[in-house]
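**Student:** With the sequences and hints as input, model every part of the structure.
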Amino acid sequence: MTNAELSRIFNEVADMLEIEGTDFFRVNAYRRVARTIDDLPSEIADHPRDRLEELPNVGKSQAAKIHELLETGRLEQREKLAREVPEGLLRILEIPGTGPKRVRQLWKELDITSIESLKSAIEDGSVAELKGLGKKTADKMLEGIAFLERSSGRTRLSQAWPLAETLCAAIRKLPGVKRVEAAGSLRRGRETVHDVDLICVADNPPKIVEAFTKLSGASKVIAAGDTKGSALFAIGEDREIQVDLRVVEKDAFGAALLYFTGSKEHNVRLRGMAQKRGWTLNEYALTEEETGRVVASKTEEDIYKAIGVPWIPPELREDRGELEWTETPTDLITVEDIRGELHAHTTASDGRHSIEQMLEAAKKRGYSYLCITDHSTSSVIANGLTPERMAEHAAAVRAAGKRAKFDLWMGSEVDILPDGSIDYDDETLATLDWVIASAHVWPQASLEHNTERIIRAMRNPYVNAIGHPTGRLLGRREEAALDMDAICRVAAETGTALEINATGHRLDLSDRHTRLARERGCKIVINCDAHSIDGFEQMRYGVVTGRRAGLRKDEVVNTWPAKRVREFVAAKRER
DNA sequence: GCCGTTTTCGGCCCGACTGTTTTCAGTCG
Numbered sequence: 000m001t002n003a004e005l006s007r008i009f010n011e012v013a014d015m016l017e018i019e020g021t022d023f024f025r026v027n028a029y030r031r032v033a034r035t036i037d038d039l040p041s042e043i044a045d046h047p048r049d050r051l052e053e054l055p056n057v058g059k060s061q062a063a064k065i066h067e068l069l070e071t072g073r074l075e076q077r078e079k080l081a082r083e084v085p086e087g088l089l090r091i092l093e094i095p096g097t098g099p100k101r102v103r104q105l106w107k108e109l110d111i112t113s114i115e116s117l118k119s120a121i122e123d124g125s126v127a128e129l130k131g132l133g134k135k136t137a138d139k140m141l142e143g144i145a146f147l148e149r150s151s152g153r154t155r156l157s158q159a160w161p162l163a164e165t166l167c168a169a170i171r172k173l174p175g176v177k178r179v180e181a182a183g184s185l186r187r188g189r190e191t192v193h194d195v196d197l198i199c200v201a202d203n204p205p206k207i208v209e210a211f212t213k214l215s216g217a218s219k220v221i222a223a224g225d226t227k228g229s230a231l232f233a234i235g236e237d238r239e240i241q242v243d244l245r246v247v248e249k250d251a252f253g254a255a256l257l258y259f260t261g262s263k264e265h266n267v268r269l270r271g272m273a274q275k276r277g278w279t280l281n282e283y284a285l286t287e288e289e290t291g292r293v294v295a296s297k298t299e300e301d302i303y304k305a306i307g308v309p310w311i312p313p314e315l316r317e318d319r320g321e322l323e324w325t326e327t328p329t330d331l332i333t334v335e336d337i338r339g340e341l342h343a344h345t346t347a348s349d350g351r352h353s354i355e356q357m358l359e360a361a362k363k364r365g366y367s368y369l370c371i372t373d374h375s376t377s378s379v380i381a382n383g384l385t386p387e388r389m390a391e392h393a394a395a396v397r398a399a400g401k402r403a404k405f406d407l408w409m410g411s412e413v414d415i416l417p418d419g420s421i422d423y424d425d426e427t428l429a430t431l432d433w434v435i436a437s438a439h440v441w442p443q444a445s446l447e448h449n450t451e452r453i454i455r456a457m458r459n460p461y462v463n464a465i466g467h468p469t470g471r472l473l474g475r476r477e478e479a480a481l482d483m484d485a486i487c488r489v490a491a492e493t494g495t496a497l498e499i500n501a502t503g504h505r506l507d508l509s510d511r512h513t514r515l516a517r518e519r520g521c522k523i524v525i526n527c528d529a530h531s532i533d534g535f536e537q538m539r540y541g542v543v544t545g546r547r548a549g550l551r552k553d554e555v556v557n558t559w560p561a562k563r564v565r566e567f568v569a570a571k572r573e574r
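Using numbering that gives the first Met the number 0, the first residue of the first sequence is number 0, and each one after it goes up by one.
Don't read these hints as lab results, they were simulated from the structure.
Bear in mind the structure is a predicted one, so any value in this text is a computation, not a measurement.
Below, computed lysine-lysine pairings styled on DSS-like, alpha-carbon distance capped at 25 Å:
#1 Lys249 x Lys172
#2 Lys562 x Lys363
#3 Lys571 x Lys552
#4 Lys304 x Lys249
#5 Lys263 x Lys249
#6 Lys401 x Lys363
#7 Lys249 x Lys177
Derived DEER-like restraints, expressed as beta-carbon distance ranges:
#8 Arg50 x Arg7: 14 to 24 Å
#9 Thr226 x Phe23: 20 to 30 Å
#10 Pro174 x Ser218: 19 to 29 Å
#11 Glu289 x Glu209: 31 to 41 Å
Yeah, the Cβ is synthetic: ideal placement off N, Cα and C, and Gly gets one too.
**Tutor:** So, in structure tokens, the structure goes:
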């Protein structure tokens, strides 16, 4: 049983307990276990069973449940709950604005156990007659159902980030606005976000909230108060995402930014540390409890400093030990550290732009090198290059680099075939400056087979990096079953870099796997896998993913000068 | 149900907003 499956079960048990009316804190304990499991870099099935209790938020009782699930694939408690709580209620719980109390009320008083029966009960007016509800609440539920049906799950960072930028720019132009920044999971760089949180300082808060709800792209206003507004905004062709704007006092900006950036767990711990000093921390300020004196509030730095911890970069605010740091790391990877792109396609295979156009785009970004890595023979759909076409392409690439006086490299994104062999022979590979090996098709195979396939590729002396190692596509395809620990060990041993593919729908490696790779001493390369000149813009998504793993500049191959990258390639070939 | 430089029991975040309420409950983040 995988971590993802276990975590889903614990969350499901939490939902069912909550609908049953269980004490909130007990319910929350299950959610915390789910999160702990979700965060683990390695499979919990491989953990020593007698040490489960050492995991945070896992006590005796939860350890026994994990054990039961791993041993039998079942959980007695969950099955008992499932007999009591109809499955459809879990779906109803997902409707925005509908929480456990309402779900329980609908169930007990109207015997509603599915979205369908809820819809008809709303339409015949019986929901509106329930105590504490009315027509407005019922109508909101209908809208919530519609929202649920057209926006499945979370939105990719690469979709939410540009929207946040557009909205911030528009809000900055409103009269009286002093400052506006994105907070929330978007600021923390999570691969997907649930909503967008914006924090704003302005002269006339209610006016700004109102103007915000009328911005272009706002499709529905959910709330508009004196200091807070919520609206749905269109994203892409058929998606919407909720955006919350909070207007705060100038002096409270730091406290608000900290509070609304989260994570919840980071904030809870930070508040605990403040409490030990007799202070309280909320979205307005860090305050001395007895006197009400404001200790700090204007900037995040002030607040952290007062509490006695260094400023923590947002991407690392996940309560994974960061509050025990004595100083802020100064060498965490940034977009400015990136010196070149080592994964780019041209019209020779499936890219949209020519060698020259890609070269110009790289130059424009201030890169000092670029490697052209078109597909190999087997990627037929991507117009992969036969060795003969590849040789011609290489000549064109090298000539273009010479003409432009730019350090343009010839490489390949070569397919890892199902048996782990490489699509070009060694003689062909030896002509290249840099080789990324990627698995593009994942035939149904065991974890052992998949792992062996990647490891075999890494043992090839000409393979310098593994592209998008797990093959996942956010919201569309699960990562392949792989023993990532073993892969990281062999990557470190053979001098093969693992890629963080920065493409918005990949982010593969994930932050979690990047953390594991760091622990195993692997080198990382952050690539845009650019299929057009716009593709280079995605670098920031890869970089924040790395930052979430605590990735340092020196651990990232393409922050190095070209000479050092060439030495990295040469070192593996000489082994 | 977990956790502990305040503790093995008693906390565990709490304020904004909405709707249905005449003083508050539910939801959300």
